[in-house]
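> Read top to bottom, the protein sequences are chains A and B.
Going letter by letter, the first sequence gives residues 0 to 200 in numbering that gives the first Met the number 0.
Going letter by letter, the second sequence gives residues 0 to 197 in numbering that gives the first Met the number 0.
Read the hints as simulated data drawn from the structure, not as lab findings.
Any given hint might turn out to be false.
[As the list claims (entries may be wrong)] Here chain B is said to cover these stretches of chain A; the calculated rule only asks that three of the stretch's residues, wherever they fall, bring their Cβ under 8 Å from a Cβ of chain B: (1) 12 to 19; (2) 46 to 58; (3) 89 to 98; (4) 146 to 155.
Quick caveat: nothing in here was measured; it's all calculated off a predicted structure.
Even glycine gets a Cβ: it sits at the ideal position worked out from N, Cα and C.
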Amino acid sequence: MNPLGLYQPGSSPLHRLGVGWKLLALLVLASGTFVLSSPVWLGVVVAAVALGFVVARIPLRRCWAAARGVLVIAAFLFLVQWWLIGLDQATVVGLRVIATLAAATLFTLTTRIDAIVAMLERRLAPLRRFGVRPGDVALLVGLMFQAVTTLTRIAGEVREAQRARGAERSVVAFAVPLLVRTVRHADELGEALAARGMGDR
Amino acid sequence: MPEPRATLPAADVARTVVFAAFIAVLGVFPGVYVGGSGVPIVLQNAGPLLAGSILGARRATASVVLFLAVTAVGLPLLSGGRGGIGPFLGPSGGFLIGWILSAFVVGIIASRGLLTLPRMLVANLAGLAADYLIGIPFLGIYNGNMGAALVQSAVFVPGDLAKVVAAAVIASLVHRALPGTLAAPTSRPSTKPGDPGA
């Protein structure tokens, strides 16, 4: 997994636009596609989003990867809708899916994770009086990343053990040992956190 | 510390965080092929069920929320390497949001009594229903046709039922291996009970 997530570094206007504004624009666009029911206008929206990919100078390789995911979902929905309802409605649904998913992908590609976390910390600041501490958000996310690394290793070990026992196809033989070790890992982590003063009063 | 109520109990935090990571790892692992069908069973949507069965409602809901938040922020942790806001706005976004209610419902039912297999089955079945309760109307609004949404979702029912049974069996085995996991109080400073350490 790329530690930067899906972010595609760049300095285009879309990259520099504030996270809050981009998120707002995305939500407006997504709800807009539900209001529009004309294939022509939805086509215009799709074209505008495609233009966004050009403005953001997303490399073709990333565009292709994004397009493939979006098109597979859109094609599946299109075919099912065509079969169930008819061609017109299927076209509208297909374009709607392409527009919203492509726009959301563009948001993700042009926005750094730490910028989003920083925005969340600022937005969560008013919740301070209700006992939410924005700093804790960062801590939770960091701990989760570490846990992902640890659990991936554990899962690999369990998978190997499973193979050695010739039980590759058994979901239970994989999940039970994995979960038992997951719970144990959580308890160790909890003790480590407590030992470092978390939850003290 | 001046604000005592704001401190996070370490054991709760650890379980929440680790299970959020567990759901992520389920997505990283390739699907399991069952029988001769070419369709892999994706493990990830069993994650909220398992979290609810093993952690109870509060911690499971928190871990699903954490996982979904981190995903929405842009980490490709959903199965197939998907991430960002996209999956939530897509046609099946309601099923993702439904995971939250799902984990909550499973946790509520699972923690109400003995951790037997029948109870786990009921809890996980109710959790699946809770996910559908949000996911299918969402898909219906997306398509503009509720009937079509129902038909489309019906395709996934057999696989989902298999996951419900698997999750129930797995959860009851885990509880047998680690008794007291669900009942574990938030204030368990170490292996020794009794002394709260105040």
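> All hints are to be evaluated individually against the structure, with a verdict given for each.
Now the hints, each set against the structure:
no.: 1; hint: 12 to 19; in the structure: violated (count 0)
no.: 2; hint: 46 to 58; in the structure: violated (count 0)
no.: 3; hint: 89 to 98; in the structure: holds (count 4)
no.: 4; hint: 146 to 155; in the structure: holds (count 6)
When the structure is compared with the earlier hints, violations turn up for hints 1 and 2 and for no others.
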